[in-house]
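Use these hints to put chain B onto chain A, whose structure you have.
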Amino acid sequence: GQNIDQPTEMTATEGAIVQINCTYQTSGFNGLFWYQQHAGEAPTFLSYNVLDGLEEKGRFSSFLSRSKGYSYLLLKELQMKDSASYLCAVRDMRGSYIPTFGRGTSLIVHP
Amino acid sequence: SAVISQKPSRDICQRGTSLTIQCQVDSQVTMMFWYRQQPGQSLTLIATANQGSEATYESGFVIDKFPISRPNLTFSTLTVSNMSPEDSSIYLCSVLTVTRYEQYFGPGTRLTVT
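First to last, the sequence lines map onto chains A and B.
The first sequence begins at 1 in the working numbering and counts up one residue at a time.
The second sequence begins at 112 in the working numbering and counts up one residue at a time.
The set of hints was computed from the structure by calculation and includes no laboratory data.
Accuracy of the hints is not assured; some may be wrong.
Claimed, not checked - The calculated lysine to any residue pairs, modelled on SDA-like cross-linking and capped at a C-alpha distance of 25 Å, are: (1) A:Lys57 / B:Glu213; (2) A:Lys76 / A:Tyr48; (3) A:Lys57 / B:Val209; (4) A:Lys68 / B:Ser153; (5) A:Lys57 / B:Tyr212; (6) A:Lys57 / B:Val114; (7) A:Lys81 / B:Gln149; (8) A:Lys57 / A:Thr11; (9) A:Lys76 / B:Val209; (10) A:Lys81 / B:Ala113; (11) A:Lys81 / B:Gly151; (12) A:Lys81 / B:Arg221; (13) A:Lys81 / B:Thr210; (14) A:Lys81 / B:Val114; (15) A:Lys57 / B:Thr210; (16) B:Lys118 / A:Gly40; (17) A:Lys81 / B:Asn183; (18) A:Lys76 / A:Ser106; (19) A:Lys81 / B:Val209; (20) A:Lys81 / A:His38; (21) B:Lys118 / A:Gln36; (22) A:Lys57 / B:Ala113; (23) A:Lys76 / B:Thr210; (24) A:Lys81 / B:Ser120; (25) A:Lys57 / B:Ser112; (26) B:Lys118 / A:Gln37; (27) A:Lys81 / B:Ser153; (28) B:Lys118 / A:His38.
Just chain A, with the same shape it has in the complex:
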């Protein structure tokens, strides 16, 4: 099985940088996803990491360390619209392509 842990809630200031951490334990690793979910809306795909290192995509970056079972999502130049829940999801080696989702981190961006 899998155990995925991320902080429940974080707050940050507009224009700042915030890092949302995700730690996981899995019997085999086959990729880690980050999703953004605004209240009342469906999750939207942000990133996918399967190899160690940093993947940058505009204001958002995602980092993975497989040996440490650790990932983070880095959001730069925060905007009010970044207030949302951020879900970490991990896929294992069972042969299925279905990831298991963490509980999500609610990010509140204030002026």
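Below, chain B without anything else, positioned relative to chain A:
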């Protein structure tokens, strides 16, 4: 990417009745799934919808309660049967693209059972 539509977007239903949710995707996808998300909770996988055969259910979910159909590669339905207030939730259709690593979600169906 894939664009997914769901119908209805929301409904209020009485205890004991059933509701069928439809999911349509704009392109052929390898896998389709149904998730449930209760308030303040993460996503729970109900089942994988298999084309032309019975769905694969996760632990805690059974076909009699959540019958699923997938007659072709772009369409699926989920029925919530004999509803109780505990079934009040958001139900989300999701697909995996042919690349097998990008997963997309429909807008969800917000169900309230009274």
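Restraint check for A:Lys81 with B:Val114, where alpha carbons must lie at most 25 Å apart: Within the cut-off at roughly 22 Å; holds.
Holds or violated: A:Lys81 to B:Arg221, with C-alpha atoms at most 25 Å apart: holds (23 Å)
Hint consistency between A:Lys76 and B:Val209 [alpha-carbon to alpha-carbon, up to 25 Å]: violated (31 Å)
25 Å Cα cutoff - pair A:Lys76, B:Thr210: This hinted pair is violated, its Cα atoms lying about 29 Å apart.
Proposed proximity, B:Val209 with A:Lys81 (alpha carbon, max 25 Å): Distance of about 31 Å is beyond 25 Å: violated.
Hinted pair A:Lys76 and A:Tyr48, Cα distance within 25 Å: holds (18 Å)
Straight-line alpha-carbon gap B:Lys118 to A:Gly40, limit 25 Å: holds (15 Å)
Restraint status (C-alpha distance of A:Lys57 to B:Tyr212 at most 25 Å): Satisfied, since the Cα-Cα distance of roughly 17 Å is no more than 25 Å.
Satisfaction of hint between B:Thr210 and A:Lys81, Cα-Cα up to 25 Å: violated (29 Å)
Restraint status (C-alpha distance of A:Lys57 to B:Ser112 at most 25 Å): OK: A:Lys57 and B:Ser112 at ~16 Å, within 25 Å.
Pair hint outcome, A:Lys57 versus A:Thr11 [Cα-Cα no greater than 25 Å]: Measuring from Cα to Cα gives roughly 22 Å; hence the hint holds.
Hint consistency between A:Lys81 and B:Ser153 [alpha-carbon to alpha-carbon, up to 25 Å]: It holds: about 21 Å lies between the C-alpha atoms, which stays within 25 Å.
When the structure is compared with the earlier hints, violations turn up for hints 9, 13, 17, 19, 23 and for no others.
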